[in-house]
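> Build the full structure now, drawing on both the sequences and the hints.
So the sequences go chain by chain: A and B. First residue of the first sequence? That's 1 in our numbering, and the numbers climb one at a time after it. First residue of the second sequence? That's 1001 in our numbering, and the numbers climb one at a time after it.
Treat the hints loosely; a few may be bogus.
As the list claims (entries may be wrong) - Here are the computed lysine-lysine pairs in the DSSO-like style, where the Cα-Cα straight-line distance is at most 27 angstroms:
#1 B:Lys1212 / A:Lys184
#2 B:Lys1167 / A:Lys151
#3 A:Lys184 / B:Lys1096
As the list claims (entries may be wrong) - Just the calculated beta-carbon pair ranges, DEER-fashion:
#4 B:Lys1216 / A:Leu199: 26 to 32 angstroms
#5 B:Lys1262 / A:Phe61: 57 to 63 angstroms
#6 B:Ser1274 / A:Phe61: 38 to 44 angstroms
FYI, nobody ran anything at the bench for these hints, they're computed from the structure. Ideal placement from N, C-alpha and C gives every residue a C-beta, glycine not left out.
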Amino acid sequence: MSAEAQALMHGALFTLEASVVGAVFGIMIAVMIALLRQAALAPARWIAAAYVSFIRGTPLFVQILVVYFLLPGVGLDLSPLQSGMVALSLNSGAYISEMIRGALTAIPPGQVEAAQALAIPRRWIWLRIILPQVAVLIVPPLTVELAALIKGSALLSVVGVVELTRSAQQIIAVTFEPLGTWAKVAFLYFLMCFALGQLTRQLQRLKTTGLAV
Amino acid sequence: MGAWAKIRVQIALGAGLVSMLMSAHATAGVDVNQVKAKGKLAVATEALYEPFEFVKDGKIVGYGRDILDEIGKDWNVKIEQADLPFGGILTGLLQKKYDLVATTMIINPERVTKYAFTMPIAVTRVAALKKKGDTKVKSLDDLTGLTVGAIVPPAGPTAVLEKLNAKLTEQGKGAAKIVHFQSDPDMVLALANGQIDVAIENQLPLNTIVQKQPTKFEIVGTTGDPFFIGWALRPDDTALRDAINAEIKRLRDSGLLAEFQKKWFGFTMTIPDSGYMPPGAI
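As structure tokens, this is what we get:
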């Protein structure tokens, strides 16, 4: 493998690492926020709503800078990669929580009423009736969001993470041959997003055949 | 809430964040003993600038790195060097993400009152690059009708270009348009594509570009007085700055600095250790 290919693969690994961590923690945050938005306690709902509207109302670029430059002020001095992962998780968490909320409203309230009439416990209503359907409904928009996360991770270069895009810039700064390098970079991003699409498609097939929705 | 009110709220939020960023200034200065105790010198560099700093085989190398390595050896500390885009590099310094910005920066009057600059590591001029054989571009004394490329402000050469262009515009010989770029590779690509007619930059990296692609580009000429290139520290860290100055002076006096210059630029330069700072410098 040439030095250039090696540098690009190295960068792609950072892109993948940041995206996977961002996706896993993003989904966890999203579930928490979605539950908070259903909470009986009004301040909990307000906090969740404020969080989502803050993330939606600011660019990911700014969020990355805020995490990297402001968190040291409260004693959390993270490395560039760590701050990038935190910012990606917080960002995707807000968006995915909105998708969960959308999926929740798509479930007819009659189902819950019927379950309540049958005296099924609240916990079971959530675990056996609502969430499995949400999981199916959320797959298509989730694919879009995770692809956006992979592509958005290019912004991590601003705090010094040498991910795929930055490693390409480093190569071009020496070779001054941008076209070939950017074509390779585009192909690598495409591969990652394509693989994600295939994965979620399989997942969806599994889910829809397993459930009568 | 109407759309405009929403936008206004967001601008206010943004401004609040920026002021928080600004108010979190450094308080106590860092000195060389603290660096030695930590065992590492945290450095930020924009590594897109051959021969000063660029990436080869996954490592930041170049003239600057050779100097840093000598400092690291003498202090017995590790050099921890990160590659950051120039736009945010000074913010990160003030936020104490690293202690030294070792990237090619002109020691100019605007900067020296805000940051503690080291003594010069190099002397250069602002020069212009054009496509080889392009007859439209004759000299830097006449930019009439030309589209001129420069790095986004506050890049040093861009400030020099703006002053030059203001003077030329008075004489009716100003540029048609000035276009800004994030980095040299972008700007050189635009030059090759014909999107700009001439690119303004520090002469030393332009020399490297011409050496690598002698059939494609040539240097038009230089403008202004020679200027010094130095590294920046937080304004409170003058003790650490003085220690780095002592190291640069040691390297200069031992002839090692001249060796590095020969290796990376192909010639040697005279580096002063006094009288290089504009008035009002930290």
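> Report the numbers of all earlier hints that the structure fails to satisfy, in ascending order.
Violated hints: 2, 3, 4, 5; rest satisfied.
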